[in-house]
Structure formats: structure tokens, C-alpha cells
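**Student:** Residue numbers (this note's numbering), protein chains in the order written: chain U, 1 to 582; chain W, 1 to 103.
It is worth saying that the hints were derived from the structure and are not from the lab.
Certain hints may be false.
Said to hold, decoys possible - Between beta-carbon pairs, the in silico distance windows are:
#, chain 1, residue 1, chain 2, residue 2, range
1, W, A44, U, A534, 50 to 56 Å
2, W, P5, U, L61, 32 to 38 Å
3, U, A66, W, A44, 21 to 27 Å
Unchecked claim - Take a look, some chain U residues computed to stay more than 10 Å from chain W by CB distance:
#, residue
4, G68
5, D293
6, H433
7, E523
8, A562
9, A563
10, I565
11, A566
The beta carbon of each residue, even a glycine, is placed where N, CA and C say it ideally should be.
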Amino acid sequence: MAAPFITLTIGLPWLGALAVWIAGDQHPKAQHALAVLFAVAGGLSGLALLTTTGAEVAIRLPVGGAFGDFTFVADGLGVFLAVIATVIGSLAVIFSVEYMKGEAQLGRYYAFVLLFIGAMAGLALTGSLLLLFFFWEVTALTSYALISFHNDDPKAVAGGIKALLMTQLGGVGLLAGALLIYAHLGSYDISAFLAGADALPPDLRALIAFGFLAAAAAKSAQAPFHTWLPDAMEAPTPVSALIHAATMVNAGVYLLARFFPAFESVPGWSTAVVIIGMVTALLAAVMALVADDLKRVLAYSTVSQLGYMVFAIGCGSVLAGQFHLFSHAVFKALLFLGAGAVIHAIGTRDMHQMGGLGKHMPLVRGVFVIGAGALAGIPILNGFWSKELILETGLAHGPLWGYIGMLIGAGLTALYTARMVWLVFYGEPRSHHHAHDARPAMAIPLVLLAVGTLTTWLLFGPFGALLAEAVPGLHEESTLDFVTKVVSDPATLLALGVVAIGLLAWQQRSRLSPIAAGLRALEQAAKQGFGFEAINRFVARMTRSAATVLQRTQTGELNWNAAGIAGALLIVLIILAGGGTR
Amino acid sequence: MSLSPLAIVLLAVTLLLGVGFYGLLVARNLIKLIVVLQILAKAAMLAFVAAGYGQEHMGLAQSMVAMVIVADTVVAVIALALAVQVRRHYGTLDVRKLTTLRG
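So here's chain U without its partners, still in its complex pose (with noise of 0.2 Å):
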């Protein structure tokens, strides 16, 4: 029975979220210890709910009229984003512990993290379109809020503020498509939907899958609306690793896996979900090139490794995109968090100040490295299976163009972690730090995210059992096979040596820097977000020159407002009397 566990993993944090609020900003010491408690109680009912996998309805609240069943299943595809969000969610709290002692307002901080935690467990377990949307709305406010937590910071008032308008921009297609799902099937239960998706009118089919295709694209930070999760950096390091790298922004991925059966054929999706994933794969990999923020770079190859998940559904593989999203979501947070180790020990997050770091942080490099190693796709840590797996699968089932783009971020990809790598750890010290080393809140997760990067591959086999209940179609096979198959592809030897490339690229930039000097051009474009960023300041300031020329309509006079209620009655009325359409 996965009913009680299900209550559990989505009810722990949000109890745990009022405990600490009620617990008050005056004992810190017991808000730390309450959120670390619930999550790590919400991470562990998490981890039992694998236990319970079943692809039936587990928990039916009739709410009657238009909001139909509110309903919770507990199948495969859920049940693994939840265990997700509710282990990684724990980790970051436990990090945070050390991360944000002695802030102020800490009951906001945490109240917020645990909300999240529990509303992404709800999105990915509810089996209702309605409460699908509700939970996606709850996580975009929880990351709007966590984003501007510092709020007397104006970079971290408007990074919020971008995060949440371009993922609400996005989440109005979700609801449209979910309304329109409403009116056509009279229910919004997801698996209603995917088995009478094929009756449906094929345009309408098509407009609820691109909408959903928006909605996916701006909450996984795809082109065009990638930009919001750079920005999304000022937030609190535990969050980025959290929010913004492991769970939130998989929620755009898992929205295309769960729906990908329904819209796997209308034409033209599956190419545009292929576009959008290389194309913004490329891109971010480029920026992450040139940026010179320790956590823009990570935010960055974040929006590129989301393109390889996007991507692989894209080419039809929905195993080979969720298997990228759980080992990225692994050793992505790895990544953050000892960023923020690093961040908390010297206080900037300027590459250019830091070098040097090993030496006096020997366990955080341990770590990073091996995240960076999966991050560049290097054997055996889980990066590089499931890397190859997008690879293979882009090979066999996508269009060639696309694997080429694909490898070459691959090679892209490489570099930028080398140069990563290199300026925070390695080289001389160009700024004079006290360093220190991790400290337990921080070296705990830090371990135990270091030791799933080098072994959560060999879950593939149960991995993809678990994926199979609850995506038709889906093609599992034994961790074994997957190794020797892997092994022997030829096509592994191709990315091996593109990611060489990339690594030895970057051990020869003296020698390689006068093609660096033909390409100032491209480097320049990229420093400027290659025109995205110009295209969002002109919304803004478009939005806000009407803005004041339709403000001459608020004369804040009593009649004139009158004449317009009167007016507007006046046109409903015509149009009723015009006839309805019906």
C-alpha cells in the first residue's frame, strides 16, 4: 500500500515547514534541527515508497463538480522524481545547516525549502492534471521567494522576479493545455488523457503539445527561456543545488517524459523537442565557456545537461532522458554544493579570485573533481553512462545533425569543466584567502552525493524496471547488458575522444589561444547571452512604456470608472445578443 507513504513524503516537509515557522527566528538552533529532522523523515518515507511502485491509483479524494478526483499513483516515473527531491532536498537542508548559520530569518529559509520539497514530491506523484498545475505553480513561488531570499539585494529581487514571470509564462501553457484536455475528456486525470489522447482532434492534440512543450521548456531553463536560471544564482547555494539543479528544473523533463506517449506523434513535436534540446545545449555550453561566475558556469552547464535530457526524449528514448536526469540531479547538487563550500570559505563567486583552493580544501577538491568528472562524461562515473546512453540513443533514433551537435557538445562540455576545475582548485592563488575546509553539515552530503556519482549507474537494471511500470513502451534491460553494451559500442570510443579533445584543449590553451583570438567575436556574443538577454530587456521595457500610457486610463474619477462598467456590460450584452457560437 503506497497510500500512507505518499501522504507521508508530500505531508513531512510541509509539517515540517509550519514546525520551523512556528518554532520562530529566535532559537535557531531548534530551527535547524526541526528542518533537518522533517526533511531527512520526508527523504526516508521517500526512499520506502520505491518499495510500494504500482501504476493504480493509490489515494482517490473526490472533490466533486469541475475539479473532478483529486488523485496520488505512485508509479515508476513519479516515485523515482520524488525520491529525488525529498533525498537531495534532505542533503541540501543538512548542508544548509552549516551553510546558513548565523542568517537571519532563517524560519523563512527553511519554511520555504520545505514547502518545495513537499510540492515537488506532489507534482511528481499526483495523477491529476488540476493538481499537477497547482504544484507547479507552488514551486515556481517557493523558487521565486528562495531566489530573492536576501531580499535587500536588488540582483536577487530581479533574478526572482525573472524566474517566476518566464516560468508562469511557460505555466500558461500548461493550464491551457490542461483545460482544454478538461473540456474535451470531462476529466483531468492524467492517464484518462494518455490513453485517449489518440481520439482527440489532431490539431487540438497539437496545441496541448506544444503548450506543454512552453511550459516544459521555460521551467527546464530551454531556449528561449533559458536566461532566468542564470540569474536564478543569487539565491542561497543549497538552494541552486537543490532547486535549481536537481529537482525544479527536472520538472519540465519529467512533464515531456510523462506525456511524451501522448504526443509522440503528433508531427512535428518530436523535432522541435529535438531542436530545442541541441540547440540549447550548444548555447549553454558556450556561455558556461566565458562566464567567469563559479555559479553561472554551474548554472549553465545545468541548462546544457537539461538540453542532453530534452533532447534524448526528443529521439524517443524517455529511459535514456530520465536516466541522465538522476545522474545529473546526482552529481549536479555534488557540484553545487561544494561550490558553495568553496563560496562559504572565501566569500566570492569570481573564478578570477579564486586558484589555488586545493590546498587548503583537499576534501572539497576530492569531491568536485569527481563531480566534474561526471559532468565531462568520464568512465565509469554515472555521468558518462548515461551520457552515452543519450548519445546511443541520438545515434540510433534521432537525425544525425542532432548527434553531431550533440558530441560536440560533448567536447564543449569537457572543456568547460577542465577550465572550471582549473581556475578554482588548481594554479597558483591570485587572491589571498583563508580557506577553510568543509566542515561535518557540509561534508556529509558532500560524501554521500560523491559516493552516489560513482555508483548510482549500476542501478540501471532496477532503474529501468521501476520506469517500465509506468511508461509504456519502454525498453529495459539488466545493468549488465547495458555495461557490455556500452562497452563495445564503437560509438563510445567517437564521445571518448571528442571529450579528450575537449580536456586537452584546455591543457594546450597557450598553444591554441591564437584560434581563441579569432574567435573574440563568438566569446563576446556569448558574455552577452547571445541576444536572449536583449530580446527579455526589450519585453521589459515594451511592457512598461505601455504600461504608462495606459496608466492616462486610471483617472481615478468614480463616473468615468461607472461609464466603464457600463460599457463593458453594454459589449457583453451586444455579444450575447450577437448569439453564442454553439
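Using the hints provided, position chain W relative to the given structure of chain U.
**Tutor:** This is chain W only, laid out in the frame that chain U set:
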């Protein structure tokens, strides 16, 4: 031509609505506006009763209207109290001179 009772009541509703809207458009005195709003609310109540009569749900209509009367009275009382304060504070009841809330 003889009108049905329902039609007569609805005619009265329309008349009240017309008076109310006209008042909203031209009234400049805050007290007059409150009176006009009351007339509009009365039109709505009358429409409720007429609808209840037409649908033969008189009990429902009456209970609704009883509720609206209570709410409406509260609105009137608070609005008048505000009007008194506005007069004391700004020395005028002309709404066109009270546009300091203008954005």
C-alpha cells in the same frame, strides 16, 4: 395589452437599474453616490425575487435577498461613515476633487 406580473416586476428592475446607472455616471456628491448604489442594489434584490418567483423557488430567493439586505446595510453604514470622515478630512464631498488616489 396586459403585462404578466413577472414582466411588470422586471420592468421595475430595469427602471431601477437605469436610475442607478444614470446616477453613477453623473453624481458628484459622495452621499448621492451612496444613495445611487443603494438603488442599484435594490434593483438586484428585486431581480432575485422575480427570478425566485419565475422559477418557483421563492424560499431560496427570499433567503438570498435577506442575506443581501444585511450585507447591503453594512455597506451603506460603512460608506456613510467614510463619507463623514472624508468631509471632515478634506472639507469636500465632490468625488472629482477627491482624486488623490490617482495612480
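**Student:** Does each hint fit the structure? Answer for all of them.
**Tutor:** Hint check:
1. W:A44 x U:A534: 50 to 56 Å: Once the Cβ atoms are compared, 52 Å apart, the range 50 to 56 Å for U:A534 and W:A44 holds.
2. W:P5 x U:L61: 32 to 38 Å: Since W:P5 and U:L61 have Cβ atoms about 47 Å apart, the given range 32 to 38 Å is violated.
3. U:A66 x W:A44: 21 to 27 Å: holds (26 Å)
4. G68: Given a closest Cβ separation of 27 Å, the condition holds.
5. D293: holds (38 Å)
6. H433: holds (50 Å)
7. E523: holds (45 Å)
8. A562: Since the minimum Cβ distance to chain W is about 4 Å, U:A562 lies within 10 Å and the statement is violated.
9. A563: violated (6 Å)
10. I565: violated (8 Å)
11. A566: The assertion about U:A566 is violated, with a minimum of 5 Å to chain W.
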